[in-house]
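Here the structure of chain C is known, so what remains is to put chain E in place on it, guided by the hints.
As they're listed, the protein sequences go chains C and E.
Each residue of the first sequence is one higher than the last, beginning at 3 in the working numbering.
Each residue of the second sequence is one higher than the last, beginning at 275 in the working numbering.
These aren't lab readings, by the way, just hints derived from the structure by calculation.
Treat each hint with caution, since some may be false.
Said to hold, decoys possible - Calculated pairs, EDC-like style, for lysine to aspartate or glutamate (alpha carbon to alpha carbon, straight line, at most 20 Å):
| # | chain 1 | residue 1 | chain 2 | residue 2 |
| --- | --- | --- | --- | --- |
| 1 | C | LYS310 | C | ASP88 |
| 2 | C | LYS120 | E | GLU280 |
| 3 | C | LYS168 | C | GLU307 |
| 4 | C | LYS54 | E | GLU294 |
| 5 | E | LYS388 | E | GLU356 |
| 6 | E | LYS296 | C | ASP88 |
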Amino acid sequence: MSSRTRFIGAVEIGTGKITALVGEFTGRELAIIGYGECQSRGVIKGTVVDYKAASECTHSALEAAEQSAGEHVDYVFLAQTGSHLDGFYNEAAVNVKSADNMVSLLDIDTVCSLATAKELPPGRMVVHNIRRPFCVDGRVVPGSPEYLVGQRLEVGYWIVHGLENKLADNIHVIRGFNLEVRELVLSSLASGHMVTTPEERQNGILAIDLGAGTTDFVLYRDGGPYLTGVLPVGGAHLTNDLALGLRLTEGQAEKLKLRHGRALVSPGAKGEKVWLDGNFSIGDRQFPRHMLEQITAARTWEIFEVVKKKLGSAFSPETCAAGVVLTGGTAKLPAIAECAAKVFGVPAHLGEPPPSVSENLRDPAFTTALGLLYYGLASSTDRNVQPARKKAGFFHKLFAGV
Amino acid sequence: MTDPTENLPIARSWRDIPQEVKSRSMSRSGRRRHALALAKMIGGTGLAGALVWGAVELVTAIELHPKEIAQAAQSVPVKTLELVSDQGALDRAWLDRTLALPKGVTLMELDLAKLQAKILANSQVRTAVLTKSFPDKLTVAVVERTPIARLKAQLHPGELRDFLVARDGMLFDGIGYDDASLGTLPWLDLGDAKLTRRGEGFAPIEGMAVVADLLATAKAEAEHLYGTFRVVSLARLASDDEIEVRTTEMTQVIFSTRDDFFRQLAKLDRVRDEFQPTREMPLAKVDLSLGQFPVVAGPVPVPLPPANTAAAAHAAPAPAPARANSAIFAFPPLQRKSSPREL
Chain C
3 MSSRTRFIGA VEIGTGKITA LVGEFTGREL AIIGYGECQS RGVIKGTVVD YKAASECTHS
63 ALEAAEQSAG EHVDYVFLAQ TGSHLDGFYN EAAVNVKSAD NMVSLLDIDT VCSLATAKEL
123 PPGRMVVHNI RRPFCVDGRV VPGSPEYLVG QRLEVGYWIV HGLENKLADN IHVIRGFNLE
183 VRELVLSSLA SGHMVTTPEE RQNGILAIDL GAGTTDFVLY RDGGPYLTGV LPVGGAHLTN
243 DLALGLRLTE GQAEKLKLRH GRALVSPGAK GEKVWLDGNF SIGDRQFPRH MLEQITAART
303 WEIFEVVKKK LGSAFSPETC AAGVVLTGGT AKLPAIAECA AKVFGVPAHL GEPPPSVSEN
363 LRDPAFTTAL GLLYYGLASS TDRNVQPARK KAGFFHKLFA GV
Chain E
275 MTDPTENLPI ARSWRDIPQE VKSRSMSRSG RRRHALALAK MIGGTGLAGA LVWGAVELVT
335 AIELHPKEIA QAAQSVPVKT LELVSDQGAL DRAWLDRTLA LPKGVTLMEL DLAKLQAKIL
395 ANSQVRTAVL TKSFPDKLTV AVVERTPIAR LKAQLHPGEL RDFLVARDGM LFDGIGYDDA
455 SLGTLPWLDL GDAKLTRRGE GFAPIEGMAV VADLLATAKA EAEHLYGTFR VVSLARLASD
515 DEIEVRTTEM TQVIFSTRDD FFRQLAKLDR VRDEFQPTRE MPLAKVDLSL GQFPVVAGPV
575 PVPLPPANTA AAAHAAPAPA PARANSAIFA FPPLQRKSSP REL
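With the rest of the complex left out, here is chain C (with noise of 0.2 Å):
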């Protein structure tokens, strides 16, 4: 092991549970050493409404994972969602300065900050400054745009901002276990990174992390994101309409969402008897599947009509080429891609990671604090921020956590 071999982890401080995955990164390779997990208490779609119950939960997660790594954990990616997540465009363009209308490195400097110049309403943070192509005279760049010749530099940027006091506690959450947060990232971001590979990112995809409490989703365009969005509602629902409309308990209801439900009706359902429980127990009861998958299909379509309508004109058949994509613990649910696709009017697959990840991680709910390992990396090497190098050293590592 080298000195600049660092300790990734990565939280994701879901609704449902709470996963820690701890990468090994060498400053070259990533590789995933370590994992744990725990359902989660005091969170409710994907917001800390519990700070005890939730830092013990995160906590023990991380604690698991770095048993299973027999590492110490130097810094996290945390993982960010929620309902108070939301997003705008903004943009701004420039004259080119230089005489020979060569687009210098200051001109790039300035357009960007100008489009990401934007007040925000008070109590509000940015999260993510997400920059969209650069355009000269009209002409769109998907690289860097310096040494090309033109008149007039344009740039657009899709601005993530969330509450502060939600942000703080999540981070508050980490530091409590006395880790520093260095990366805050979108869940959509992180997930959507994992389960699309660059040439669907470039023709255009639109990828749906269905999680517990909060539905999260990110439109690729030209290589990059182009729209992100969090929606209050993931298959937590699901079950509490289960246990609405036939009056069972929650644990009941999420038993036969699991056993049962469907994102679509299926034609031989009408009829058809299903057991709660199945071993003839006391209390256990029929219900009529037909119902069940109803209830099931009836919110999944909700869910996907409400992400397409969030989208708007940004979301087209044409635009969208490579379909959509899903990922999350929800996306399990049968049948939930023809589902996807009737309602998109697009193909619709269900998003896996790359072939080089281990197949005890191959399960969908790991799908965003996997993506938290790499985007992150990614996009902390973007800012020419090197954490293996940054502050390795000896007096790093005797004041790290103090």
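Below, chain E alone, put in the same frame as chain C:
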């Protein structure tokens, strides 16, 4: 012209959220990690401080109280003096005499460079490595010169004595060698050359390397011939690239340094077999420097003088060999059918 980025509204980022957290808001595991990190920091700082303090104290002590430091190190006298020699001629008694260490001296007091110079003052020692093994052991590892010939020389007026000559031309006394083994070494005749003084001894004799090659080849390949070598002369080495050897059976054997010594020794052996010279009837001259056919002159009826007297080369040059009744033979003899190639 004003900068367009001046006075832009700055949106606060999540990075502006302070990450300091109070201990009471930490979980038990978080507090434990914090305490561990704090202990690590305090321990590390303490260790670094102790190292710095120790270094400062040491420097101060060396500057202000050097005697105390020396006394502390002088506490153990040298108990073991070990000699490691590749030849084994030099012994511990010689080392004791040479070093003459004062009684009760400690390793810290020893100046290894001076001791090494004392050892190297004896030309028999080629290299010497002295090692201090604390607390009380001094090891001296020496590589000795190997004698290849003997020489009588006068280092001080009126003091003619025997020296041994090494491959590199150095002369030395030859401590620790018994007379029997020294008696097998040939004497060296310098011819017209003179020994030159250097310091307390003599400067190395030039050209000894090639003589050493001849003698080593003879000793290894034809020991029966080597045993007859009495005097090796360098008289014609510089001028004719020839080494002249006097043996008990041949008054003058001339080897060429330009030809292979092994081949020349083989020819000499053949001549010896052919003519079977004796101490009483030695051959006058065998010249092996003339290509494939050695020139043989003799026999000479006059016996050679005793080797040890003739070998006092420098002090008393050997008498010229008797030439009476000498004759030149073609070799191999014409009546014989053997080819010189057989040699």
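Here is what the structure says about each hint:
no., hint, in the structure
1, C/LYS310 <-> C/ASP88, "16 Å, holds"
2, C/LYS120 <-> E/GLU280, "13 Å, holds"
3, C/LYS168 <-> C/GLU307, "27 Å, violated"
4, C/LYS54 <-> E/GLU294, "17 Å, holds"
5, E/LYS388 <-> E/GLU356, "17 Å, holds"
6, E/LYS296 <-> C/ASP88, "30 Å, violated"
Of the hints listed earlier, those the structure fails to meet are numbers 3, 6, in rising order.
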